[in-house]
Every structure is written in structure tokens, then in C-alpha cells.
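Use the sequences and the hints to build the structure in full.
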Amino acid sequence: MAVRAVGDYDFPSRSRQELYGDDQLVHLWWRNNMWFCAAACFRAPKAMTWGDFRAGMVDPLFSCDPDFGPRTRFEWSVDDQPVTRADSQTLAELGVGHKSLIACRSLG
Amino acid sequence: MTTPTKKVREVGVDLQESEENRAIIEAVEADNADCAVRHMPGLVRITTPGRLVINRTSVESRLGRDWETHEFQLAIVSYFGHIAEWDDDQIVIQWDH
Amino acid sequence: MQYELRTLVIEPRRKTFTNLAERYGDRPASRYEEGSVEIQATENFHYRPLWDPQHELFDPRWSELRLTDPDSFTDPRQYYYAPYVTARAHLHEAFAATLDYLDKRGLLARLPGPWAALLGGLVIPLRHYESGAQMISTYGCRFAYGSTVEQCCSYAAFDRVGNAQLLSRVGLALGDGSDALLAEAKAAWTGAAALQPLRRLTEELLVEKDWAVALTGLDLTDQLLYALAYRHLDEAALLGGAGGYSLIAQHLASWFADQRRWIDALQAAWAADPQYGAANAAALAAAAEQVMPRAQVAVGALAAAADELVGADCGPAVAAAAQAARSTITALTAPKEAR
Amino acid sequence: MTATPRKLSMKQRYAALTRDLDWDLSYVDPAEAFPYTTFEGITVHDWSQWEDPFRLTIDAYTKYQAEKDKRLYAVLDSFAQSQGHLQLADPRYLNAMKLFLQGVTPLEYAAHRNFAFLARFLNGPGPRFAALCQCEDEIRHAQTEIHTLSNYNKYYGGMHNWHAQHDRVWYLSVPKSYFDDALSAGPFEFLIAIGFSFEYLLTNLLFVPFMSGASFNGDLPTMTFGFSAQSDESRHMTLGLEAIKFLLEQDAGNVPIIQDWIDKWFWRGYRVTSLVAQMLDYMLPRKVMSWKEAFELYFEQQMLGGLFPDLSYYGIKPPRHVSQAMAEKDVLSHQVYWTLYQFSFAAAFTTTIPDEEHLDWLSAQYPDTFDRYYRPLWDKARRVVDSGGRFFYQGLPQLCQVCQIPMLFSEPGDPAMLCQRHSVYRGERYDFCSDGCQWIFDREPEKYVQAWLPVHQIYQGDCGGPTVPDVLAWYGLAEGDSGEYEGSVEQADWKRWHASPAERS
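Protein chains in written order, with our numbering: chain W, 1 to 108; chain X, 1001 to 1097; chain D, 2001 to 2339; chain P, 3001 to 3505.
These are computed hints drawn from the structure, not numbers from a lab.
Since this is a predicted model, take the numbers as computed values, not measurements.
Every residue, glycine too, gets a C-beta built ideally from N, C-alpha and C.
Treat the hints with care, as some may be off.
[To be verified] Below, simulated EDC-like cross-link-like pairs (lysine to aspartate or glutamate); rule was C-alpha separation at most 20 Å, straight line:
hint	chain 1	residue 1	chain 2	residue 2
1	P	Lys3495	P	Asp3355
2	D	Lys2104	D	Glu2093
3	P	Lys3070	X	Glu1017
4	P	Lys3011	X	Glu1085
5	D	Lys2186	D	Glu2203
6	P	Lys3329	P	Asp3414
7	P	Lys3329	P	Glu3296
8	P	Lys3070	D	Glu2093
9	P	Lys3317	P	Asp3330
10	P	Lys3007	D	Glu2289
11	P	Lys3329	P	Asp3360
12	P	Lys3007	D	Asp2176
13	P	Lys3317	P	Asp3251
14	P	Lys3011	P	Asp3029
15	D	Lys2186	P	Asp3022
16	P	Lys3154	P	Asp3077
17	D	Lys2209	D	Glu2093
18	D	Lys2015	P	Glu3479
19	P	Lys3007	D	Glu2184
20	P	Lys3011	X	Asp1088
21	P	Lys3329	P	Glu3411
22	P	Lys3292	P	Glu3411
23	D	Lys2186	D	Glu2204
24	P	Lys3070	X	Asp1088
25	P	Lys3007	X	Asp1087
26	P	Lys3154	D	Glu2011
27	D	Lys2209	P	Asp3029
28	P	Lys3011	X	Glu1071
29	P	Lys3007	X	Asp1089
[As the list claims (entries may be wrong)] Here chain W is said to cover these stretches of chain P; the calculated rule only asks that three of the stretch's residues, wherever they fall, bring their Cβ under 8 Å from a Cβ of chain W:
hint	stretch
30	3027–3040
31	3279–3292
32	3398–3407
33	3427–3434
Okay, structure coming up:
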């Protein structure tokens, strides 16, 4: 249903992608780990490669978990679609859009 | 519309526990036969099934002076139920339906 | 556990809240300041009002009259809630004592006929004017920008219902406890010719969109009305053997003196504002230009009716009050001399 | 003795002195004077049907309120003069009061402003006068809260910048956006949102725990303030209940609109009470009752058991999503405090790992969930501390578009799996913590797209700068306000103040 208001009531999103230039917001969720209370939100360039995303954003956050290490293995998804990661692909190429949910599940 | 199985729902009032309010608490206890009184830090919770009444004359006889029902404002902390009446002589808390 | 408090001097880490220390310097702030200054939210409002999508939830653009730093205005009376209700509890208590005295001495019943008619037919109906004044002040409480300004409006709103109730209680007393006289007073408010210009003005101020313009208009009307009903007629009543009227009027007159303190201060702050001063002065002058003629007609009609009853030169009294109100506004809004 | 025949009854006198002051406007269009009471779809046929049982006139109001304040300020003064703050159970208790001052006091003030809106724009003089009284009460509450906590502010961190923080800090956008939502609604929705849902449905759950917590933890001023404010609340509860009954009785067409508002505002308010949940279970050094007990007593028994059967007479059902709230009572406080624990570097309060006794209390209160899901987390956090670290989340959390809480809530029935919902509106994705928040968004997306979400704003550069220290400076956080309690300024001060003279020298 439409909002009931006195006169026109139409405002742009305060989080719309254009406010972030060539970047976008992305969410990162380690599904099967309660150590992190919630998924993280990052501002990341659309053209950032997966490798840079891993090294520059994922690893520093996940390192807050003392049980995380270089040997931790994950399966990944973007907006519930499984992705096989390719370090040289950009987030855009992997289908990551504004406020997409990049989720992982640690194995073993 | 009442069905025989319908549970009588409780109403209640929380009053600040103080010397001034003692007369009110005693009056409520005296005028509401089925009430239960629970003391908590700083306050007293009085609950009754269905209906709770505070009578001016009962409070006055314990207080030894005139008491306006408005003065109940100084004593009440919270309540549950519906204030169905608040006039010169009494305050009634109950569920309506 | 026992602490040796006497031997322990604990230095406070700070004297007050950070914003007040920044504003006033590192000194303990008063309870008025802590409870009144910079309390309203000012930024990052989440949603626009459904009932007014053009504005933020708190928005200085709701009036032409603005202050660069709204919290630089403070209530000269330093009223926050506790001293405010305490002062009003005293007012109502003193008024009740007066009513009680009037009742015991039968002073209302013994009012000379014309004075009783004036009180019942022209003054008691002003309880509705006060009620309208309450709504106009309440509007300022919601839409003024800044907590120190709106707080004054808020208490003024409550005062106006209080005044309406004072007058109503006189009506009950004059009607020997029944509310019949109040019903007559209401009929007079909605029908008597002498009161219609005032009712019209009250209603028109009620739909004025700019809260500060409405408040200014109300104040100009108040200046004439209070001068007539509770100052000039008060004196005339003493001369006319209607001491009971005077005893009632004094309470409203002293309330109005209290009210003027914050209104005067606010109008002065508007006119002196470093950024908006000139625009504020122009808006004040325009509001006065708009309202004064109507207020003079409205209160003039009341004065004429009063003169018919008690012949107390009310007309000139209203004209004098209007002249005084105009000079106040002129003094505030005159272009400042270059320094 | 018979009453003097001259005297009007309380009810007649009240009518003569309040609603009879009104008159029918004839020189202006009444629709212009009352422009906001039609657009919400609510129909009122007869405003005179409004009943206000309190029947307070201004003389009685000022008399009793002045008396209440006299008593309250006497306690505040003597507490300050006797350095009463040294008698607190533990300085960690004040974290609850910091949250109260930053999060709740500004809401009291906002309520003050918007009850003025009602006091001006409701058509009926009865509800207008009731709203005016509440308008004054609410500024009283804001001010007495400030004055009650002012003395603590002089000696402890986290309270000195409450005003700016309410407009800026991430966790405070939760209560702020909740109230902004109500202020931006029409007058009838505001009545149901705040007058009914907040002041009646959730008030005991919100306020009684704070006040009992004060009493258990040696905070005499807050307890006194709380009881004093609550005596006004009972009038506000009545206004809320009168409002809903009045609107339901006026027109059958109002019922579905009001049901929608109850559904929305229950969930909005319930999400805000999650801050109370963690306060009860974690922030209070001396426990009053668990969140679960409080929820069962104040909400399930009193509201679902008492109020809703009464409202069913009008065809009103318990709030949509209420079963999800009930299902959360075993997990809610743990999830919220675990979140505050890892984000308190950016908050105006401190957190710490519960000690063994506290953990055992939590196990006993939450036998089905605590040992299985949450104790292991605290044990691991302890190991981090023992190895010289302290776990803080190195990043910013995903926020719910509606309640603005980090998306920390779990799937109903599965505490180990976070709940993730989203909707797409005009091509943009919006995320939600729960079915309740998603439902609220989907009803009025035009409203919630405007939300000022702290995390998104930080990334737009609107919050002082690009780095965490920039943001914390913009939040006005000072040394000792934030982070870990162990080793904090507050802990050090407390130890010093309570050391024996020999230890001090």
C-alpha cells in the first residue's frame, strides 16, 4: 500500500549507490560463526578484485577470531548464488551489487 | 458476553511504599477481599481478580484527615487494567470486556 | 561497608555537560541551563513528517522569525518544570484563597449590578479567549526551533488554560456554584456583539501558519486586553465600589507581568539577532501592522460595552495601551543607528 | 453530613473547566484549524465521547506536581551533598544509566514536543487537554532525568555528551529513529505509537526494570526519579488506553487501521526494548530479574493475558509477529550484549566479560540456551583476554533498515543462524533483521528509504571523517567513556575512592 501523507511524499534513498561514487556497500557474513555478532558492511570499489577484497577487508576482520587462520577454508556465495572465487575477478564481475550479501561458510 | 470457562483476569496497581501511602495500601487491602499483596524494593504491588477499588472514606478513616482521590496521584507508580472510574469518592480499576 | 567519607575529597572530573561547558565556560551550570539549553535534536532526522513533507521534524523554517543561535535566548524567569509548577501552584492557591474570601464576605453577591453584569457578561467569557490563547501558544511549543524558546511557549500554553480555569471558577462562584453562568458566558462569547471582533481575531490567529507571527499577534491583543480588563477596570472597580472585581483582577494582572518578561526578552532577541535581526524586525513590524488595527477594534468593542455598563473611560484606556504597544514595537524594529 | 448542594461533582467541575472551554469555530474554516485529522483514514463521529478519568484541573495538577518535585529534588540534593555516588553497588551499574540518558531522555523531550502537536491539532477539547498535560509531564521527565544524572556526570564518563550523541551515535539511532518514526506520523498514529504501544503496552517492560535496577544497585536518585515519573506515567497509560478504545468505538473502519498500527508499533517498540533486555541481564551488577522473567510478567501475563482479551471485544488481535518476540526471549539479551561487547570501543559506555558468578546466574536463568550457545563465546573472549588481547569487531556492522540495530538477531528457532531478510524497492536492496522489520518497511517503503543509517553515513563521509578515530571524535567521546571496563578510568577511580587511607597514601 502507498504511504498516506499530506501532499507528495517522495524522497530518495539516503543510502543509494550514487552517493558512493564508483564504490558500493557490500555485506560480509560468516554464516556458521557466532563470534561475529552480525555481518559486516564495507564500502568497496566495484572494480576491486576478489583477491584484494579478501586481503584488504575479509582477512583483517576475520583475524579478530583467534580460531581463524590462513588454513581456514570457506565456500562462498553472493546473494545466495554459489561462487567459485577467482582472485583476479572484480566484485562487479562476480555479480556483487550495491548492498549485496557476500556470505561464507567455513569447512571442516 | 461471558463464557463459563473464561478466566478472571487480574488487575493490579503498584504503589510507592512509604509512610504516607500506608493508609492507602491498608484501605485497598481492606476493601478488596481477594487481593494479593507483594512487597518489592520501594513498592507494593496489589493485584485482584477482575476489579480493584479504592474508597475515599476507607483511606480517610485510616489517615485521620480528609483525602481527595486526586492525592492517589502521589502514590501510584503503575497499574494494569483500565481506570473505569475516578470520582470524588472512589477509583475503580478493571477490565471492561 | 564503611567508607571514610570525611577524609576523602573527590575532585569532580567535570563541572557540567560538555556542550554547556563549551557554551558558558568551565563552571557548574544551573538546573535551568542543564534542563533547558540545547535539548532539542538538531540534525540527522530520519524521516520527513507525513503531515508536512516540506519540513524536517524540527525546522527553523516554520517561522519567518529566527535566531542564529536559538539557545542564546534564555527565559529571564529561569523556569524549568519544577520552579514553574511551584510558582503556578502558589498562584492557584492564592487565587483559591481570594475566591474563598470573596465567598465568605459575600463580595461577589454584593457587587454593584453593572459590575456584576460586566464580570459575567464580558469578563467571564474571556475564558474562551484564554482557551484560544492556549492553542496558539501550544502551536509555538511544537513548532518553535530550540528548547529554550519552546519551553516558554509550553508553560505559557499551560498558563492560558490555567487562566481560563481561574475565570471559570469566578463564573462558578458568581453563579452560586452552578455552571449556568458559564453557559451564559459561552453564549456571549459566540453571540454577543461586543465579543465577536475578539472571537474573530482569536480564530484568525488560530489558523495563522507562522507560529511566531501568531504568538506576536496574540501578545499585541493581550497587551490591550489585559490593560483594559485587569488594570484599567481594576482601578475603576475600586472607585466604583466593586472591590471584589479588583481582588480577582490582580491575579491576572500579576500573571501578565510574568508573561511579559519572556515575551519582551524574546522579541528583543529577535530584533537584535546578528544575522536575522533586520528580517525579524521587518516581520515583527508587519505582524503588528496586521494585528494592531484588528486588536484595537476587538478590544475597543469590549471597552465600549464596558463603558455602557460602568462608564469608566475604557475607550481612551485601550487607545493608550495601543499607543504603548506600538511604541514598543517601533523601538524594537527601528533601524539601528550606524555605530 | 451532606455535601453542600452548591458544589459540582469532580466530573462536572472538570467538564466545566476543560472541555467546556471549547467553542465551534465560525469565522474560520474548522478544517483549516484542524488540518491533520483526516489524512490517516481515521473517522471520528463524536469527539465528546472521549472520557478522561483523571479529571485533573490546573490547580490540582500544579499542586501535586510541585509536591512531587519538591520531594524529588530534596533527595537529589542530599545525595549530592553526601557523596552518595560512592554507595553504588559498582560503577559498572552506571552503564545502564548512561544508556538511559543518551537513549531515553531525548525521547521524553521529543514526546514533550509532539504531545504539543496533539494538544493543538486534535479536534476534541478532552483529548487536547489530556495531551497538553502529557506535554508538560514529558518535559518534566526529560529535565528530572538530566538533573538526576547530572551529579553522576561530574564523576563518571559516558554522560557528558548525551545530547549530541543522540543525534549521531550508531546505537542511539535505534531509539531516535523509532521516535522520529512516531513524530513524523499523523496524530492518530502517534497516539497509538506512543500513547498506546509505548506508554501502555511496553512501559512496564521499559521503565520498571530500570527503576528496580536502580533500587537494587544503590542508585537512590534514579529510583526516586523513576517512581516520581511513573506516577505521571499512570496518567499517560490511561490516555493511551482511552485513545485506542475511543478510536475503536468511533467507527468500524478504524479497526483495521489501528490493528496495523498495533502490529507495527509493537514490533518497533519491542526492538527498542532489546536494549533493556541486555541491561537487565548484563549491565546490572546486582540482578533484579532476568529479561525472560520480565518479558513473561510485564508482557505475556499483563498484556497478552490481560489487555488483549479486553481489546478482542473490538476485533483487535494480538500483534502480528508477537510469537517471534516470545520465541526470542531466551536469546535476545545475550545476542545484544555480545554485540555491545565487541562494539563498545565506539560507544559511550563500557562492557566487560561477565564474571563466573554472573555466568552461572545466566546459565540458571537460561538453561535451554546459555551454556549451549553463549557461554562458549564468553569463554573464548576470556581466552583472548588471558593472552593479552581484547576482542573488538574490526569493522562496521550491517544494519537493519527499519530498527537500525546491527543485524544480530537469529532465525526464529535457530540461535546459531542469523536472520537475514531483504526487499527490493525501486531497484535498491534493503536489509532487515526480522520478518517484523521487513513487514514494516514493505508497508511504507517511501518512509524507510529516508533512514539515516549510521554505518552508511560513515561511509559517505558524513560523520567526521573516513577513519574510526575521526568518527569517535565526531561522536564527542572522551577518554574513559568507551571500551573495556577492566582497566578503565572509571575502575581506577573507583578503586582509589574506596581504598583505605593507608592504601591511598
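Now the hints, each set against the structure:
About 18 Å separates the Cα atoms of P/Lys3495 and P/Asp3355, which keeps this hinted pair within 20 Å; it holds. At roughly 16 Å between alpha-carbon atoms, D/Lys2104 and D/Glu2093 fall within 20 Å of each other, so this suggested pair holds. Among the hinted pairs, P/Lys3070 with X/Glu1017 is consistent with the structure: their alpha-carbon atoms are about 18 Å apart, no more than 20 Å. Restraint check for P/Lys3011 and X/Glu1085: satisfied, since their Cα atoms lie roughly 10 Å apart, inside the 20 Å limit.
Annotation: proposed proximity of D/Lys2186 to D/Glu2203 holds, straight-line Cα distance about 15 Å (limit 20 Å). Our distance criterion of 20 Å between C-alpha atoms is met by P/Lys3329 and P/Asp3414, whose separation comes to about 13 Å. Between P/Lys3329 and P/Glu3296 the alpha-carbon distance is near 9 Å, which keeps this suggested pair within the 20 Å criterion. Under the criterion of a C-alpha separation no larger than 20 Å, the hint pairing P/Lys3070 with D/Glu2093 is consistent with the structure, at around 16 Å.
Taking the CA atoms of P/Lys3317 and P/Asp3330, the gap is near 24 Å; set against the 20 Å cutoff, the hint is violated. A hinted pair counts as satisfied when its Cα atoms are at most 20 Å apart, and P/Lys3007 with D/Glu2289 does not qualify at roughly 47 Å. Proximity of P/Lys3329 to P/Asp3360 is assessed by CA-CA distance (about 18 Å); at most 20 Å being required, the pair is judged to hold. Taken as a hint, the P/Lys3007 and D/Asp2176 pair is honoured in the structure, with Cα atoms around 9 Å apart against an allowance of 20 Å.
For the suggested pair P/Lys3317 and P/Asp3251, the alpha carbons sit about 17 Å apart, so the restraint of at most 20 Å is met. Our distance criterion of 20 Å between C-alpha atoms is broken by P/Lys3011 and P/Asp3029, whose separation comes to about 31 Å. Restraint check: the Cα-Cα separation between D/Lys2186 and P/Asp3022 comes to about 9 Å, which is no more than 20 Å; the hinted pair holds. As the CA atoms of P/Lys3154 and P/Asp3077 are separated by approximately 14 Å, the hinted pair is consistent with the 20 Å bound.
Among the hinted pairs, D/Lys2209 with D/Glu2093 is inconsistent with the structure: their alpha-carbon atoms are about 36 Å apart, more than 20 Å. Taking the CA atoms of D/Lys2015 and P/Glu3479, the gap is about 16 Å. The hint holds against a cut of 20 Å. Annotation: proposed proximity of P/Lys3007 to D/Glu2184 holds, straight-line Cα distance about 19 Å (limit 20 Å). For the hint linking P/Lys3011 to X/Asp1088, the alpha-carbon distance of about 8 Å falls within 20 Å, and the restraint holds.
Taking the CA atoms of P/Lys3329 and P/Glu3411, the gap is about 13 Å. The hint holds against a cut of 20 Å. For the given pair, P/Lys3292 sits about 18 Å from P/Glu3411 by alpha-carbon distance, which is consistent with the 20 Å threshold. For a cut-off of 20 Å, the pair hint linking D/Lys2186 to D/Glu2204 stands: about 19 Å separates their Cα positions. For the suggested pair P/Lys3070 and X/Asp1088, the alpha carbons sit about 26 Å apart, so the restraint of at most 20 Å is broken.
A C-alpha spacing of about 14 Å is found between P/Lys3007 and X/Asp1087, which places the hinted pair at or below 20 Å, so the restraint holds. Using a Cα cut-off of 20 Å, the hinted pair P/Lys3154 and D/Glu2011 holds, with the two alpha carbons roughly 9 Å apart. For the hint linking D/Lys2209 to P/Asp3029, the alpha-carbon distance of about 14 Å falls within 20 Å, and the restraint holds. Under the criterion of a C-alpha separation no larger than 20 Å, the hint pairing P/Lys3011 with X/Glu1071 is consistent with the structure, at around 16 Å.
For the hint linking P/Lys3007 to X/Asp1089, the alpha-carbon distance of about 14 Å falls within 20 Å, and the restraint holds. Under the rule that three or more residues need a Cβ within less than 8 Å of chain W, the assignment of the stretch 3027–3040 of chain P holds, with 4 such residues. Closer than 8 Å: that is the beta-carbon criterion, and the stretch 3279–3292 of chain P has 0 residues meeting it against chain W, so the requirement of 3 is violated. For the stretch 3398–3407 of chain P, the proposed coverage by chain W is satisfied: 4 residues have a C-beta within less than 8 Å of a C-beta in that chain, meeting the threshold of three.
Coverage of the stretch 3427–3434 of chain P by chain W holds in this model, with 4 residues showing a Cβ closer than 8 Å to a Cβ of that chain against a need of three.
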